[in-house]
Every structure is written in structure tokens, then in C-alpha cells.
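Build the full structure now, drawing on both the sequences and the hints.
4 protein chains.
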Amino acid sequence: MGFTTEDEIRVQGYRLADELMGTVDFGSMFYLLVTGRLPGHGEAVLFNAVLVALADHGLTPSALAARLTYTGAPEAVQGAVAAGVLGAGSVFLGVFEDTGRMLRASGEEAPHDEAEVRRRAKRIVDEYRAAGKRLPGIGHPIHKSGDPRTARLLELAREHGTVGPHIQLMLAVQQEAAASASVPLPLNAGGMCGAVLCDLGIDTSVLRGVAVVSRAAGVVGHLAEEARAPIGRSLWTLAEDAVEYRPLR
Amino acid sequence: MGFTTEDEIRVQGYRLADELMGTVDFGSMFYLLVTGRLPGHGEAVLFNAVLVALADHGLTPSALAARLTYTGAPEAVQGAVAAGVLGAGSVFLGVFEDTGRMLRASGEEAPHDEAEVRRRAKRIVDEYRAAGKRLPGIGHPIHKSGDPRTARLLELAREHGTVGPHIQLMLAVQQEAAASASVPLPLNAGGMCGAVLCDLGIDTSVLRGVAVVSRAAGVVGHLAEEARAPIGRSLWTLAEDAVEYRPLR
Amino acid sequence: MGFTTEDEIRVQGYRLADELMGTVDFGSMFYLLVTGRLPGHGEAVLFNAVLVALADHGLTPSALAARLTYTGAPEAVQGAVAAGVLGAGSVFLGVFEDTGRMLRASGEEAPHDEAEVRRRAKRIVDEYRAAGKRLPGIGHPIHKSGDPRTARLLELAREHGTVGPHIQLMLAVQQEAAASASVPLPLNAGGMCGAVLCDLGIDTSVLRGVAVVSRAAGVVGHLAEEARAPIGRSLWTLAEDAVEYRPLR
Amino acid sequence: MGFTTEDEIRVQGYRLADELMGTVDFGSMFYLLVTGRLPGHGEAVLFNAVLVALADHGLTPSALAARLTYTGAPEAVQGAVAAGVLGAGSVFLGVFEDTGRMLRASGEEAPHDEAEVRRRAKRIVDEYRAAGKRLPGIGHPIHKSGDPRTARLLELAREHGTVGPHIQLMLAVQQEAAASASVPLPLNAGGMCGAVLCDLGIDTSVLRGVAVVSRAAGVVGHLAEEARAPIGRSLWTLAEDAVEYRPLR
Chain A
1 MGFTTEDEIR
11 VQGYRLADEL
21 MGTVDFGSMF
31 YLLVTGRLPG
41 HGEAVLFNAV
51 LVALADHGLT
61 PSALAARLTY
71 TGAPEAVQGA
81 VAAGVLGAGS
91 VFLGVFEDTG
101 RMLRASGEEA
111 PHDEAEVRRR
121 AKRIVDEYRA
131 AGKRLPGIGH
141 PIHKSGDPRT
151 ARLLELAREH
161 GTVGPHIQLM
171 LAVQQEAAAS
181 ASVPLPLNAG
191 GMCGAVLCDL
201 GIDTSVLRGV
211 AVVSRAAGVV
221 GHLAEEARAP
231 IGRSLWTLAE
241 DAVEYRPLR
Chain B
1 MGFTTEDEIR
11 VQGYRLADEL
21 MGTVDFGSMF
31 YLLVTGRLPG
41 HGEAVLFNAV
51 LVALADHGLT
61 PSALAARLTY
71 TGAPEAVQGA
81 VAAGVLGAGS
91 VFLGVFEDTG
101 RMLRASGEEA
111 PHDEAEVRRR
121 AKRIVDEYRA
131 AGKRLPGIGH
141 PIHKSGDPRT
151 ARLLELAREH
161 GTVGPHIQLM
171 LAVQQEAAAS
181 ASVPLPLNAG
191 GMCGAVLCDL
201 GIDTSVLRGV
211 AVVSRAAGVV
221 GHLAEEARAP
231 IGRSLWTLAE
241 DAVEYRPLR
Chain C
1 MGFTTEDEIR
11 VQGYRLADEL
21 MGTVDFGSMF
31 YLLVTGRLPG
41 HGEAVLFNAV
51 LVALADHGLT
61 PSALAARLTY
71 TGAPEAVQGA
81 VAAGVLGAGS
91 VFLGVFEDTG
101 RMLRASGEEA
111 PHDEAEVRRR
121 AKRIVDEYRA
131 AGKRLPGIGH
141 PIHKSGDPRT
151 ARLLELAREH
161 GTVGPHIQLM
171 LAVQQEAAAS
181 ASVPLPLNAG
191 GMCGAVLCDL
201 GIDTSVLRGV
211 AVVSRAAGVV
221 GHLAEEARAP
231 IGRSLWTLAE
241 DAVEYRPLR
Chain D
1 MGFTTEDEIR
11 VQGYRLADEL
21 MGTVDFGSMF
31 YLLVTGRLPG
41 HGEAVLFNAV
51 LVALADHGLT
61 PSALAARLTY
71 TGAPEAVQGA
81 VAAGVLGAGS
91 VFLGVFEDTG
101 RMLRASGEEA
111 PHDEAEVRRR
121 AKRIVDEYRA
131 AGKRLPGIGH
141 PIHKSGDPRT
151 ARLLELAREH
161 GTVGPHIQLM
171 LAVQQEAAAS
181 ASVPLPLNAG
191 GMCGAVLCDL
201 GIDTSVLRGV
211 AVVSRAAGVV
221 GHLAEEARAP
231 IGRSLWTLAE
241 DAVEYRPLR
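Residue numbers (our numbering), protein chains in the order written: chain A, 1 to 249; chain B, 1 to 249; chain C, 1 to 249; chain D, 1 to 249.
Warning: the hint list may mix true and false statements.
[Claimed, not checked] Capping the alpha-carbon separation at 25 Å, the derived lysine-lysine pairs in DSS-like fashion look like this:
(1) C:133 to C:122
(2) A:133 to C:133
(3) D:133 to B:133
(4) B:122 to B:133
(5) D:133 to D:122
(6) A:133 to A:122
[As the list claims (entries may be wrong)] Under 8 Å between C-beta atoms, here's a sample of chain D residues computed to sit facing chain B:
(7) 73
(8) 76
(9) 78
(10) 79
(11) 82
[Said to hold, decoys possible] Pulled from the structure, derived: some chain D residues nowhere near chain B, Cβ distances all over 12 Å:
(12) 57
(13) 106
(14) 113
(15) 128
(16) 151
(17) 160
(18) 227
(19) 229
Bear in mind the hints are in silico, worked out from the structure with no lab data behind them.
Glycine included, C-beta positions come from ideal geometry on N, C-alpha and C.
Rendered as C-alpha cells:
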């Protein structure tokens, strides 16, 4: 993606020092690295908003794993960050890829009109229900009346004109699913972020990678806190006290 | 650092959806997560510039490790990102902490005047030379006449008024070291980034962590490229062909 | 799994110092940790043989990723080992779980006679072919006339009386598949190891974990060699020279 | 270390299938991979005993980090294993390298007689005390009257004739240190394992790597238990309840 001579460093064709540093924010640089082009203003706002939305969720398993790793190896911060992102798997972050795959499988070309969007959404919901599969990006255990991040992303996308076919389809899928459900089925942040990233042109194969970088920033925040006020050893004691062992023998 | 209720999500005291998303860029969010406060405008520019500067360096060992990991486990992108950041150790990224420790060890209080800055710099250079230790942040194998990123960061820091005691001391250390050396000893990007981050108030314990997040973005860029145009298997063949094995037995 | 008092350390109920150290080999200890009981003699031979079989495969992507990580962070060997095992994903090591799942899905109870084994094998082959899925554990790009590890494991299992329903079914699946194929379809080492581990009572969820520990030993072997005679930096140069970059811009 | 043809696979010069599988245990294979030669009988007993000794320590930070990672990414067991070994850093596992470096720095040649061993030990203890440094491998927070693993390793080394200059020196260092101390200073398991591995010819650079593979086996044991009876989510709740957050703002 880049190369270096004695006088200059280029990344994706741009002169790093003159054209990128001080000119673009880190989110836009990340977008450049992943897509090969700099984002337009609206794209930069949305991409940054997604990265901001996903960075921290409090003392999640990821944050705990990172802090516990730091307890044993404070001299190798990179290892604690790695441990923190390794939990970014199917359970919590699979939603991005699942959403991306669902939205992108519905047709190569953008739908012509709203009626077609609704037809595609209905077909998706019917297929998932027939197969007994959970619709990705729909439903939330806590934010039952709607995730505040979802609403904000939609607002930003409308404001900046970046509502594309994937967001449209995602919204239609949610409406279709919610219409025939007995429990609240809001569009959750994972689903909305996935749709936004699809409209921004991020490949399905790295949707989760975008979230991982966001989480890495959150993890470093936790490590900074852990360095100031460690909780790793308390967690250890806590776990040993709380878990009553039933040895197998 | 954050918590969640049914209606809102707070991070470092801010309402995530209303106060951060769409308002701050990802670099500023990262700064908030690490330091507990939002950066001022100049601080945001400099922090983002450091993150932009360090994100990619072409096909480094980190990028190669990530791509090779992706070859075996494309379904677990988080593992490839983790492999990519695990090489961010003493050889390539130790310079941040070493620089931070050197600069911060020279005195709690900011120096009163330029003469004191020079005295401190001379003391540091003398101590390192007496101990036969390499000065961190000084010298570069390729950019002998000066790393373009270093010059750009200094320019930005001056423009935005964020030149603090650490940058001042680092510059003085470089001058002192170069004055008595027979080879060019420019201030390299690692040393300059370390000084900038110290002036921005980043704790020494997470200086490397900041660089790791920047690298993670670069690694995801490489993985996006690897997904489109894989080189992992060619690297494998290349390595097997190139390395002649001398079995020990 | 274990606990510690001032006088003793117990693991899975055994006194570590008196009952395990010097009494059981590391492979048997690993078996104890995973299953909760010590293996019988034949089980220990087979479990160790599987671990020996999978430990090294030369300069694989895993070994390369570990060596490249060591190049950047030689002070954090644990990070290089971690990078080495992170490539143990679906492409190279998924075969264990896939095989285990295939064999275990064919029926809770062991088949009564050989005819039933053949019927189950036929059903499996038919199902996979109908679904257009590749049979796990069958076929090999290099060892077309049979993987020497497969033959050796079968020989050992017969010699030690540990041929159980999973090995029987796996052999029958291979015969059934090969009978109607135009290319050689030997039972490969991954498939045989998976079947052996199933007969040894290893849970499907940790089949890959067993292989990962074996690989970790191989990775440490590579790191020992890398410390003596480094190739990491040559790989870097090699990659930069070999890969012609086509920047996206 | 190895290579493959259509008919055979060789590792460190041995034919994998015929000469190693079923013949050597996994511990001996690991020794072969790291040192390039198969261990003698006594060496195999001691190397295995060290691997057995270090494999599990109950719900340590490593085990917890692995389980929490598995909670988020159960489909990528290799990531959970990696997270588990990443905490194997300076705090818990640095003792191996520190011990190895201390013992090996005391002289290239083996000491001629016991008096010289005592002189070297005294010099080491004096140097460490003068520098205010902690002696590695000495002292234990729980096993104050002696770690049962240390005694067992010594017994095995004596029984199998593998007591070499490093064990001798380590014992003398402990005696010298304890003689002039007001608190009990037993030789701990880390120090003893380090000395045993030095006498077995393991390079200092991979001493920690040996321990990491042992830990990896313990981690997979924990993951097997986690798959059967998960505690990851309880740990999450436990941590959120127990840690009272003091946001910085």
C-alpha cells in the first residue's frame, strides 16, 4: 500500500507528510487504507461516527481479557491489545459480516424504487424465518425501545446524504421483521453500523476488521486506566472466590 | 470508562450518541478514551497527525504476519489483526516508551528557559554516551537528511501552539547529539511522535498502545488488500524456496 | 481444574508433585487437563502420537508469522507463539472439527456391525455429495498414495486396541468416497487424527485446541532456530522485492 | 526444521511416521524441535516433569483471559489459546529467563568443585543485593516452607543423573540468599524449572517459550471446561458489579 524512498513516504499514492498528516483525521486515513481512496466529507463523518460508536462498551469480556493480560505482561502492551481484540468473534462482532452478507446477497444492483426495497426485505425476512435463522442486526437485550446509536447514525446519514441502498434495505428489513413480531425488534447498532459501512463501500471481508480497530482504541483506553488503577489482580481473586470448582475426578 | 442504561450510553461521562458521534473524529475519541478528556483543536490535529504518520509502512514484518495468518484463518479477521500488532515490540516500537522515559526522567517541572533545556539535553546525551546506550529517537537508516514526518509534526505543533517541554527537550537532545557526531543524526519519526505524545499528556505506559492502534488500522488495510489479491501463499512458497535448511542433526 | 494450598498443588484431583511429575509424560498430562482423567497406556500412546504428528510442517505460514513477529518483539516470546497459533484456523486446521462433527453426527450409539458402519458411511458420502460439500479428512495434494502418518496412526491404534467406532467409520467413509472417485482419495492425516481423537473421547469443541498446542511446540522450535539463525529480516526484503505493488490510486 | 516429499515427512532429520510417532512422547518431540536432538531417558523424564509442573495453576489471569475470549469467539479456539498465553510475560513467567541469564552469566565453564560453586553463588547474591535487584527464582508468597514441585524436580534430577552445573549453582544461590535473610527464602518452582532447563541445554531465548507451550495445554483444559460449563458471562457480570467506576471526567 505504501513505499519509502530517502526523501518521501507514500501511502496509497499520497505523500504521507504533506498530503495526509495534518490534513486528514485518523478515521479518514483508515478509510483510505481500507478502500484505496480518501472519503468525501459526508463519508468521513459517517465512517468516524461508526468508529466512535463501537470503541467502548465498559467492562466487556474484551476489556477484561486485555486487563488480565496486562497484569501478567505489562511490558508487552501489544499483547494486551491483541488479547482484547481476539474476543471480537462471532458472538459480539459477527453481526457486521452477517449483516453485510445478508444485505449484499439481495442483489448486485441497487433497487429501483421503494417498492422493490420492500419486496427484497420481505424475501429476506421470509427466507431467514423459513430457515429458522436469526436476522442479523435486529433486536437488542437492553435498548428495547431503540439503540440511541442507531438513531444517531441514521440522522447523520440523512444529514450528509450518505443513505444508500444498504441502509434503505436494512431499515425495510427491520420494519418487515418488527411488523409481524410480538416483541420489540429495534434495529441495533451492529446492524446499523454494518449497513452504513456497506453503503460506504467497505468490503464484507473486512467489516469486522473495522470494528476491531475501533475496539482496539477502547482497549488501550482500558489499559491506560489499568496502569493508573489496576483491577486485574482483584478480578483474579474475585473469580477464584466466586467460582466453586467441581473437579471432574 | 463507560456504562449503559436502557436509554443512553455514556463514555467518560459524555453521552455517546448525542455528544460524541458525528461531533468528534475517531482520533479525538481515542484521545478521550486514553486521557479522560476531549482534546482541544490543536491537540486533536497533532494526535491525529501522529496516528496518520504511523499507520502504514508497506510490507513490514507486521503486515506479512497478518497476511500469513489470514491465509490460514480468513474467518477470524480479529486473529490476523492480533498477529499483525504482536510484532509491535521493542525493535520497531520500543522507541516510543524509551523516548518518553528519557524525556520524562529529566525533571518533573518544565524547564524555565532555553538555557536550562540545553543543560538538560547535554546531561542526557552525556549520560547515555557514558553508559554506552543508544539515544532513542535519534538517527535513521534511510531518511538520513531528515524524516519528512518529523518536519511535518514540528510544523504542525508550531502552527497549533502545542510545542511543549518534551518537544523542546527532544529537539535539544538531537542538536546536542548531532553536534558531536561524525554521521548524520536526524530526529526520527518515532522520537518526534514520542515527544509530541508526551506533550499531549499521554502516559508513558500506553505510548506504545497508541502506536499499536495506528498500526492496527494499517494492518486492516493490508487484510483488505489480501482479501482482494492474496499474496500469503506466494510468500509461503517464496520462503520455502529461498531458505535453505540446515537441519541440526 | 486445580487449586493450591501452602503444602500441595492439586490438578484434576491429583497431587501434582507426587502423582503427576515424573510419573506421567506431558501428553498424558494434557489428556488429563482436557478430559479430566489420565489416559490408559494405549490411549497415551495414541494421544502422544497425534501430538507428535502435528507439531511441525516446516516453514508454514504459521511458522513464518511467528518468526516475523519475533523479529519485531524478541523480548515477548509469548507474542510470537500467539501469532504462530493464530493462523490455525479453518483453512489448515478446520479439518479436525469438521471431521469430528461429521463422525459424531452419524449417530449417538456405536454401530452394531460392519454392515451398519458401511451404511452410515454411504449415507454420509451421499449427503455431502448431494450438498456439494467436500468430505473432511479425505484427499491430499502431496501424499496421493497415502499419508505416512495416517498409516502409522492406524497401525498404532490396532496394536494398542484403541480402534473405536470413529476410526471405523472414518475408514469406511474413505473407502466409500474412493470407490466412486476418479482421482486418488487417501485418508489424510487431519482426518485420521480427528477420528483418533474422537475415539479417545476429546470433545469436538477442543479438537482444534489439541492441534494448536501441538503446533505451539513446533512454533517454539522455529523460534529457537530463529534466535540462532534469523531469517525474519530476509523474509521482509524477499517480500518487498517479490511483490510488485499496484497502488489502488 | 522439517520437509515433506510425496512419500515421507522428516523432522530434524528423523522420519516422522516411522521413527517418531508411537516411539517418542510429545515432551520428547518438543525437546527435539527446540534442541535438534532427541533427549536421553533422564532428560526426557526431567523435560516432561517441567512441562507437567507448569501446565495449570487454576483460575489464573491467563485462564480467565482465555475463557473470556472464548465467550466472544467460540468458533476461533486458536484465538482463545493465544489470549491465554499472551499474559505469560515478565510478571509470572519472566523468572525463567531471569534465572537462566543469572546462572549462565556466572561463567562459561562448569565450576571445578563445590567451593567454586559457593564462591560463584556468593558473588551473584552480593551483586544482586548491591544493585538492589531481586534474585530470580527465590522466595514464594504461598509455599513458604518450600514448593512441592521444587523438591520433586530435585529428586528426579538426582535419580536420573541430570543434576548439572546450573542446578548446583541455583541451589547454592538459594542457600547463600537464605542464610542471611530474616524471612524464609525457598527455591521456587520457576527458579528450579529454569535451572533444570538450563542443564538440559535449552537456550535462554526460548526458556519462556517452553513454559508457554505448557501453559497452552492448561489453557486448552480450561477451554474444554468452559465449553462444558461456561463461566465467561458470569465473570463479566461479576466484574461489572464489583468494580465501581470512577470516570475521570
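Results for each hint:
Taking the CA atoms of residue 133 (chain C) and residue 122 (chain C), the gap is near 15 Å; set against the 25 Å cutoff, the hint holds. About 21 Å separates the Cα atoms of residue 133 (chain A) and residue 133 (chain C), which keeps this hinted pair within 25 Å; it holds. With a C-alpha separation of about 20 Å, the suggested pairing of residue 133 (chain D) with residue 133 (chain B) holds against the 25 Å cut-off. Restraint check for residue 122 (chain B) and residue 133 (chain B): satisfied, since their Cα atoms lie roughly 15 Å apart, inside the 25 Å limit.
For the hint linking residue 133 (chain D) to residue 122 (chain D), the alpha-carbon distance of about 15 Å falls within 25 Å, and the restraint holds. At roughly 15 Å between alpha-carbon atoms, residue 133 (chain A) and residue 122 (chain A) fall within 25 Å of each other, so this suggested pair holds. Interface restraint check for residue 73 (chain D): the shortest CB-CB distance to chain B comes to about 7 Å, inside 8 Å, so the restraint holds. Because the smallest distance between the Cβ of residue 76 (chain D) and any Cβ of chain B comes to about 4 Å, under 8 Å, the interface hint for this residue holds.
At its closest, the beta carbon of residue 78 (chain D) sits 7 Å from a beta carbon of chain B; the interface hint therefore holds under the 8 Å criterion. Residue-level restraint check for residue 79 (chain D) holds (minimum Cβ-Cβ distance to chain B is 5 Å; threshold 8 Å). About 7 Å separates the beta-carbon of residue 82 (chain D) from the nearest beta-carbon of chain B, less than 8 Å, and the hint is met. With a minimum CB-CB distance of about 24 Å to chain B, residue 57 (chain D) clears the 12 Å threshold, and the non-interface call stands.
Listed as a non-interface residue, residue 106 (chain D) keeps its Cβ farther than 12 Å from every Cβ of chain B; the least gap is roughly 22 Å. Here residue 113 (chain D) stays apart from chain B, with its beta-carbon at least about 33 Å from theirs, past the 12 Å limit. Every CB of chain B lies more than 12 Å from the CB of residue 128 (chain D), the least distance being 20 Å, so the non-interface label holds. Consistency note on residue 151 (chain D): stated as away from chain B, and its beta-carbon is indeed over 12 Å from all of that chain's, at 34 Å minimum.
Against the 12 Å criterion, residue 160 (chain D) stays outside the reach of chain B, whose nearest CB is about 23 Å from its own CB. For residue 227 (chain D), the condition that its CB be more than 12 Å from all CB atoms of chain B holds, with the nearest at approximately 17 Å. Its beta-carbon lying about 24 Å from the closest one in chain B, residue 229 (chain D) satisfies the requirement of being farther than 12 Å from that chain.
In summary, this structure violates none of the numbered hints.
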